[in-house]
Structure formats: C-alpha cells, structure tokens
Amino acid sequence: MYVTPYFPEPEAVAGNIAAENYDVRLAFIRRVMFYTWCSVAGLCAVSAFPLQAVPSETSWLLVLGGLLLLTAARRWKSGGMADRLSAWIVFPITLVALGHALDSWTAFGHLPTILLVAVTVASLYVLLCKRDLSFLGMFMLGWPATIVILFIVGEWSGTAWYGLPSILIATAVLFFLVYDLASLLQRRRAGEEGLAMVDIYRDTLNFITYGFRVIHHWRNFKL
Numbered sequence: 000m001y002v003t004p005y006f007p008e009p010e011a012v013a014g015n016i017a018a019e020n021y022d023v024r025l026a027f028i029r030r031v032m033f034y035t036w037c038s039v040a041g042l043c044a045v046s047a048f049p050l051q052a053v054p055s056e057t058s059w060l061l062v063l064g065g066l067l068l069l070t071a072a073r074r075w076k077s078g079g080m081a082d083r084l085s086a087w088i089v090f091p092i093t094l095v096a097l098g099h100a101l102d103s104w105t106a107f108g109h110l111p112t113i114l115l116v117a118v119t120v121a122s123l124y125v126l127l128c129k130r131d132l133s134f135l136g137m138f139m140l141g142w143p144a145t146i147v148i149l150f151i152v153g154e155w156s157g158t159a160w161y162g163l164p165s166i167l168i169a170t171a172v173l174f175f176l177v178y179d180l181a182s183l184l185q186r187r188r189a190g191e192e193g194l195a196m197v198d199i200y201r202d203t204l205n206f207i208t209y210g211f212r213v214i215h216h217w218r219n220f221k222l
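Those letters in the sequence shown? Residues 0 to 222, by numbering that gives the first Met the number 0.
These aren't lab readings, by the way, just hints derived from the structure by calculation. Glycine included, every Cβ here is placed at the ideal spot set by N, Cα and C. Be aware that one or more of the hints could be misleading.
Label pairs and their in silico Cβ distance ranges [as the list claims (entries may be wrong)]:
(1) Glu-19 to Val-53: 35 to 45 angstroms
(2) Cys-37 to Arg-83: 16 to 26 angstroms
(3) Tyr-21 to Gly-64: 31 to 41 angstroms
(4) Phe-175 to Pro-91: 15 to 25 angstroms
(5) Leu-135 to Thr-203: 16 to 26 angstroms
(6) Ile-88 to Gly-153: 32 to 42 angstroms
(7) Thr-170 to Cys-128: 15 to 25 angstroms
(8) Glu-154 to Phe-206: 12 to 22 angstroms
(9) Gly-190 to Glu-56: 29 to 39 angstroms
(10) Glu-56 to Cys-128: 35 to 45 angstroms
Turn these sequences into a full structure, and let the hints steer you where they fit.
Shown next as structure tokens:
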C-alpha cells in the first residue's frame, strides 16, 4: 500500500541528468560550476563599477522581481521557451542588479568577493576530484579551505573579511550551493547546464515558494 508522504517530494523530470552515467553527470556538474563561477565573477565586476545613481533599495527590488519572473518561467514549463528566454534576457539584468545590491552591503565585508571565494573553492574541488566527486566531500573539504582563503584575503587587504560574519555567510553560501547542485540534477536534463546555473540563483526563493508547495500538497493529501 502506497502512503502519500506528508511533505512534497523533490521535483524530478523524465530523462534527468541524475539518471545518466557517472561521466555524463560529472561533465554536467563541471559545466554548471564553471557557469556559476563566471556569473559570480560578473557580480564582482559589477561591484567594481557601482551604479551610484541607482539606490540599493531599487536594486533589491529588481533582484526580487527578476527572480520571481525566472521562477515563474520555470514553473510554466521547465526547459521550455519561456524558461530559456528568461535566462537570456531577465537573468543578466537580475545579475547586474544583484551585483550592485550586494556591493551596498558593506557591514559584513565585500559580499561579492566572499561569494567568489566560496564558489571558487567548490569549483576547484569539482575540477580536481576526477572520478571521486562527492557532494559531502565538496562541503567538508571546501569549508575549511574557504575560511583559510578569507583569512588570507583579510590579512592581505587589511580588512575584516575573515571575521565571524564573513565566515558564516561563506559557510551558508557553500552549503546552499552544494545542496542545491545535488538537488537540481533531478530537475535538469543534459544540455540544460545554463538553466541549471540560473536555478541556483532562483532557488534562493525556495524558502518562500516551498511553503506554498507544502500547503498545496496538504490540500491534496490522501492516506
């Protein structure tokens, strides 16, 4: 007898990359991490040329609106035309707005750089692990390496980027990146590496959208 789970199961699509052989999955993950690293490097580039005429509040509203549009496009049809067009049109605007918004938050250090350190460590692990990729290993080896690099950058620059707030932010970013990367393998197919990279950004809204999924699931819950 099948018992409906109390909480919605992770989303999955037919022919997802998780069902492919190891080499195909590894190549997919490496491309996603490369695209993610390039996007975070883009955040740092944007922060180097801040948009002084645009208030940070406006930037955050643009980020939220962009992520909502990207999420709606994926919900409509994952991997469809709307999903791809939004990735090409909406995502670059969202990324620029995010770079400006993050640059305005200076209380915890330079956030784009903190993000870049965490993503760089994870990317290097994926690149160097060869056929021994482990998401647990990505976090457990990447976490201390991230802390050491933040400390070195802080000492070299004379800033407090290696302080507790920066370490907590980097830890949260690395954990989310590893967790979401493992999850999206069931939601994406081969050839959707760019969309998977965009997923990492729009999945930051899951703490909002997941509640709606749970409510919808409970309304249709049957024993």
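Each hint tested on the structure:
For Glu-19 paired with Val-53, a C-beta distance near 43 angstroms keeps the hint of 35 to 45 angstroms intact. Between Cys-37 and Arg-83 the beta carbon distance is about 18 angstroms. The supplied range of 16 to 26 angstroms therefore holds. Between Tyr-21 and Gly-64 the beta carbons are some 39 angstroms apart, a value that agrees with the proposed interval 31 to 41 angstroms. Separated by about 22 angstroms at the C-beta atoms, Phe-175 and Pro-91 satisfy the suggested range of 15 to 25 angstroms.
The given range of 16 to 26 angstroms is respected by Leu-135 and Thr-203, whose C-beta atoms sit roughly 22 angstroms from each other. Look at Ile-88 against Gly-153: about 38 angstroms separates their beta carbons, and that is inside 32 to 42 angstroms. Evaluation of the 15 to 25 angstroms hint for Thr-170 and Cys-128 yields a pass: the beta carbon distance comes to about 20 angstroms. Distance hint for Glu-154 and Phe-206: a CB-CB separation of about 34 angstroms, inconsistent with the stated range 12 to 22 angstroms.
Checking the proposed 29 to 39 angstroms range against Gly-190 and Glu-56 shows it holds: the Cβ atoms sit about 38 angstroms from each other. With their beta carbons about 41 angstroms apart, Glu-56 and Cys-128 fall inside the hinted range of 35 to 45 angstroms.
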